[in-house]
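> Quick note, the sequences are listed as chains A and B, same order.
To convert, note that position 17 of the first sequence is 17 in full-length UniProt numbering; the numbers rise steadily by one, no gaps.
To convert, note that position 448 of the second sequence is 448 in full-length UniProt numbering; the numbers rise steadily by one, no gaps.
Heads up, some of the hints might be wrong.
Each pair may be met inside one copy or between any two copies, as identical chains are not told apart.
Claimed, not checked - Result set (DSS-like, lysine-lysine): computed pairs, CA atoms no more than 30 Å apart in a straight line: (1) 343 with 168; (2) 412 with 343; (3) 152 with 100; (4) 557 with 91; (5) 2 with 195; (6) 92 with 152; (7) 393 with 323; (8) 323 with 593; (9) 629 with 100; (10) 217 with 195; (11) 224 with 92; (12) 91 with 111; (13) 630 with 69; (14) 322 with 593; (15) 111 with 4; (16) 566 with 412; (17) 214 with 91; (18) 313 with 593; (19) 412 with 322; (20) 152 with 195; (21) 566 with 630; (22) 2 with 629; (23) 100 with 557; (24) 412 with 323; (25) 631 with 4; (26) 92 with 557; (27) 92 with 214; (28) 91 with 224; (29) 92 with 217.
Hints in this document: simulated from the structure, not taken from any laboratory.
Protein chains: 2
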Amino acid sequence: MKLKIALGQMEIVPGRPDLNTRTMLEMIGQARDAGAHMIIFPEMSIPGYLLGDTWEQRSFLRDCEEYGKEIIDASAHLTVLFGNVGVDWEKKGDDGRVRKYNAFFIARDGKLWGGENFPYPLRIKTLQPNYREFDDDRHFYSLRKLAQELGKTPEDLLTPVYLPVHGKQVGLGCVLCEDGWAEDYFTKPMAAIQKRGGVNLFVNISSSPFTLGKNSKRNRVFSKQARETGVPLIYVNNVGIQNNGKTVYTFDGSSTVYNKNGEVIYYSQPAFRQSLGMVELDLASGGTASPPLEVPEDNDIGFIYRALHYGIKKFTAAIGMKKVVIGISGGIDSAVSAAMYAKAIGPENLLLVNMPSRYNSQTTRNLARQLAQNLNCSYTELPIQDSVDYTIKQIESTPVINPVTGEEFYLKITPFMSENIQARDRSARILAAVAAAFGGGFTCNANKAETTVGYSTLYGDQSGFLAAIADLWKHQVYALARYLNDEVYRREVIPRGIMDIVPSAELSFEQAVDEGKGDPIAYPYHDYLFRSFVQWWDRATPEDILHWYDEGVLEEKLGCRPGLVKELFPTPGEFIADLERWWNLYNGIGVAKRIQAPPILAVSRRAFGFDHREAQNGAYYTRRYRELKKKLLGEN
Amino acid sequence: MKLKIALGQMEIVPGRPDLNTRTMLEMIGQARDAGAHMIIFPEMSIPGYLLGDTWEQRSFLRDCEEYGKEIIDASAHLTVLFGNVGVDWEKKGDDGRVRKYNAFFIARDGKLWGGENFPYPLRIKTLQPNYREFDDDRHFYSLRKLAQELGKTPEDLLTPVYLPVHGKQVGLGCVLCEDGWAEDYFTKPMAAIQKRGGVNLFVNISSSPFTLGKNSKRNRVFSKQARETGVPLIYVNNVGIQNNGKTVYTFDGSSTVYNKNGEVIYYSQPAFRQSLGMVELDLASGGTASPPLEVPEDNDIGFIYRALHYGIKKFTAAIGMKKVVIGISGGIDSAVSAAMYAKAIGPENLLLVNMPSRYNSQTTRNLARQLAQNLNCSYTELPIQDSVDYTIKQIESTPVINPVTGEEFYLKITPFMSENIQARDRSARILAAVAAAFGGGFTCNANKAETTVGYSTLYGDQSGFLAAIADLWKHQVYALARYLNDEVYRREVIPRGIMDIVPSAELSFEQAVDEGKGDPIAYPYHDYLFRSFVQWWDRATPEDILHWYDEGVLEEKLGCRPGLVKELFPTPGEFIADLERWWNLYNGIGVAKRIQAPPILAVSRRAFGFDHREAQNGAYYTRRYRELKKKLLGEN
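One chain only, chain A, in its complex shape (with noise of 0.2 Å):
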């Protein structure tokens, strides 16, 4: 039997049932104008998935439920699966509220299939994720809990779901997104199914957001599950952007289709593109008589370019913003950031700013000015000294009284304090003032070493309405900029000098550029060292690092240049107090930013924010690590 299978592959739009809704009313017209048996939607593709507690909405509920009424109402002489929450108002989630599912539908002829071998005619979610940035526990009900208050094992309820299609019945398994992902759960939501028997097909409905690389493993984890089953399975997932506040995401879509050899005979691209993707689909070879395709690794600098370009575009658009400020100091990282945004929303839409104090080389405001030529941006230079001298005598020179004495003491504002003054000068006094004048926000361009130790002003640098480039570590920054001037743009937008130049926050002498001097961040160590803290899968701390200094193996297992840690740290007291340097300020001072810190765009598995939840409670160091600091310090 051969099906004609729609993939909905739509762009969500988080919230919003009531325009999802009317998207998939399209595309359910569209499939059955092409004669489609049937059309998948993603998960949760009436509501939206990354919704915070707008769960805890009893009228958000009903509404989601009536929308999806609409739905299963269209489904005349076609199959439509799709998402949405379920709802049971007569039983209670583990929080006391009304229990919700993440629900899996299947509507045909105006009616939910599915009813006779499961409590409700509805699939839901067996593994839920609930960790990274997701919160399915919180939300909703799993299958796994539902089987445990049934008194049930999970596998009783991982029922396959037969419908009439074309004619025949067919055996749909139905899962949804981590339900594919099993390897680390006991439970094993489609090899459970496919023992029930009569399995045709599984439809995995996803809402998946990219991050760097993630594509290839899926189709290696969801390839192997297809072989080992033998039957054919397909991936759809959305396209769009969701959030959680700190954490903003790009959907890519993506959607797959593979035979039951685990090949790959449909593939959605371009990536971050909405599409009703057409498949046939021969159940009787299980997928075999179409021919595989090859799929390209999702790894390169390239994902990240579209993937940042999308979440740009679709962010300001989101959030209403049609203009945007960037403060270009003649550095790398405002440089890519204002190559970034003039792609995504125009240069015309950009206004870029330099606002040098006197610590300003002539250098680097040449290369900005330059940069703006480059990128057709409306460009101005607004200079701080005179601001930033008049804040320094305005409180140096005014007396603070004590009541009790009555006697009066005047502040002293250090160099130290004239550099946070300075950036906060920049964004605080400037940047918000003529982004609200041009008529939208300013950006954030720190990027995610400084990120992770706080190397930046709050107020300052670090303020803005999006950390775009902030999941990305230096060299990334580096490898983007070059993508922008040979892949995007094939010119040089951002100036070579931009990109020789020692990276500086030419805050005070101490950071001349044209001395050579700059941040005290040694990148090609230090995003390597900080990498290892934030973003491994067991996440490095101190004692690790120092094992493996102690070791000698450190620069393999950070995966940076071997020979670098001695030419830095010649000796070993040097080497720990820089190790407990960062490790300080990443656990201090650099989380007390990151909570006031704009969103970060992710691309990595882990960027700050609800990726990676933290506590300002200080850095830590485990006896061992005091131990082995002992040892290689000689003491005692």
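We have chain A; now place chain B onto it with these hints.
Same frame as chain A, now just chain B:
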């Protein structure tokens, strides 16, 4: 048999197993000296409870295990019950990392007890809160999951721990925190353990944050459980503060002993104080030999004061902040803030700063100075008008160059923009610099109503190192002001004028306090409206509000003054316009501002931050709302 039991109501320092173990060893020594048979420490007494994702550091887990061994080694002739992370290095959690349990350890004579009828020599948490500020399922594998994995029911695993105490066998029912709050779960841990027989004593070790009214509720729930099982129950909770980044929680202790009739026979007082409580519990009579105590309700403003006082004291100490700067406007929020900090850290460590512009009345300037005098705090006035004028002039007179046309244009600052310029000038230009020079940080004085709708300026009054009163509605701020004068200081430190004046930002002549003009928020109504959006268990939305408005029961539902709605909004059109205005702000710019807001000290059941997860998705109106609106406006 009479048992002498020590309740180790310790201050837990989150993320510091070294310090916590030291505290525990000291208390163990004291308990032994006092002839105790048993000492009980709170949940997660070694590592702390709210640690973000620190649980993903394997070296931290090992460290906690090793400190746990020290406690076990110290249990000669003394039963030591304590909380720690239990690690099964051979098994995986759902996230694929090493498996962790939120575990209850029972140590005596250098070894662990309870392994003969359980998979491990410990007990693990059955019911894991994964709602509000809690993320237990993110980190820990619950007994429910373990049972399912082993093909058992939770009840199979819910067994007492039998151990010899004082020469006799004692059956302990060992549960953790949420296990005692089983009402909304199908598994009832205490009932299940009791059913196994031989239980002489229940012990609930908790790490339960203070929120208003929690203890009264806990006493009702726990008392019922003791009564129903007919077994005495000891509840041990910690003191201290812990945080989730965005939200800071105080822990009140309030450890309690219930006899088998559910009567309280021991109650640790005062709240928020580390103590080693001692009770003699006659197991033969189920604790009924001791006289029952009256326990006060904990829902008045005095409890809010004590929680905030403790929170400010502990939080500033935890982050090493000794000096604090507060911008005082002459309004109620900053006055309450100043009076709170003066008590918590001492007036000598405070610097109060008034920053008038041309819009600030002499009335509020005088009130600000009076407040500083009353509190005996250092005080200074730093006017902002010159700087604000300079910023506006600089921006308006500097040309912006369009690189394509070569043309120049000029930006224009509107009066609304200049309001935000003033607010940022105060906080980001002055307070941040003054705080650095004074050697500390500056506070955010926002209240909960403002925070709900983002009635504040980012990098302006929305900034600071801590928002200590941002979990208080405006009417609670006034109540706290009265409490401070009447009960804490017992004199008028907050001048009467500050309480009487109309709340106003004084950012334009439209907000002139001397003319009775002020904030657009009508607190006697909006406080209660916003509370229904934010704080109700089933959160209200415009659909609910409009429905109640239509039915004439809105004031009753919200709990505000009858007749108020009609006074404020004579027509449905005005009512709806107001409703939508604030709903849009709450879901729109309010979210954007909260993402970058300081940590909030929580006192309510739902502070902003980690207990109120939200996405920047904008406002949504359900279909039923839109229909009802049409009806009320007479549209069709």
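> Against each hint, give a clear statement of whether it holds in the structure.
Hints, one by one, checked against the model:
{"no.": "1", "hint": "343 with 168", "result": "neither (50 Å within a copy, 78 Å between copies)"}
{"no.": "2", "hint": "412 with 343", "result": "between (45 Å within a copy, 27 Å between copies)"}
{"no.": "3", "hint": "152 with 100", "result": "both (20 Å within a copy, 25 Å between copies)"}
{"no.": "4", "hint": "557 with 91", "result": "between (50 Å within a copy, 24 Å between copies)"}
{"no.": "5", "hint": "2 with 195", "result": "within (24 Å within a copy, 58 Å between copies)"}
{"no.": "6", "hint": "92 with 152", "result": "both (18 Å within a copy, 23 Å between copies)"}
{"no.": "7", "hint": "393 with 323", "result": "between (35 Å within a copy, 22 Å between copies)"}
{"no.": "8", "hint": "323 with 593", "result": "both (26 Å within a copy, 19 Å between copies)"}
{"no.": "9", "hint": "629 with 100", "result": "between (51 Å within a copy, 28 Å between copies)"}
{"no.": "10", "hint": "217 with 195", "result": "within (25 Å within a copy, 48 Å between copies)"}
{"no.": "11", "hint": "224 with 92", "result": "between (37 Å within a copy, 21 Å between copies)"}
{"no.": "12", "hint": "91 with 111", "result": "within (23 Å within a copy, 43 Å between copies)"}
{"no.": "13", "hint": "630 with 69", "result": "between (68 Å within a copy, 23 Å between copies)"}
{"no.": "14", "hint": "322 with 593", "result": "both (27 Å within a copy, 19 Å between copies)"}
{"no.": "15", "hint": "111 with 4", "result": "within (21 Å within a copy, 66 Å between copies)"}
{"no.": "16", "hint": "566 with 412", "result": "neither (40 Å within a copy, 55 Å between copies)"}
{"no.": "17", "hint": "214 with 91", "result": "between (36 Å within a copy, 25 Å between copies)"}
{"no.": "18", "hint": "313 with 593", "result": "both (26 Å within a copy, 21 Å between copies)"}
{"no.": "19", "hint": "412 with 322", "result": "between (42 Å within a copy, 18 Å between copies)"}
{"no.": "20", "hint": "152 with 195", "result": "both (17 Å within a copy, 22 Å between copies)"}
{"no.": "21", "hint": "566 with 630", "result": "within (19 Å within a copy, 73 Å between copies)"}
{"no.": "22", "hint": "2 with 629", "result": "neither (68 Å within a copy, 49 Å between copies)"}
{"no.": "23", "hint": "100 with 557", "result": "between (44 Å within a copy, 25 Å between copies)"}
{"no.": "24", "hint": "412 with 323", "result": "between (39 Å within a copy, 15 Å between copies)"}
{"no.": "25", "hint": "631 with 4", "result": "neither (69 Å within a copy, 45 Å between copies)"}
{"no.": "26", "hint": "92 with 557", "result": "between (48 Å within a copy, 23 Å between copies)"}
{"no.": "27", "hint": "92 with 214", "result": "between (35 Å within a copy, 21 Å between copies)"}
{"no.": "28", "hint": "91 with 224", "result": "between (37 Å within a copy, 23 Å between copies)"}
{"no.": "29", "hint": "92 with 217", "result": "between (36 Å within a copy, 20 Å between copies)"}
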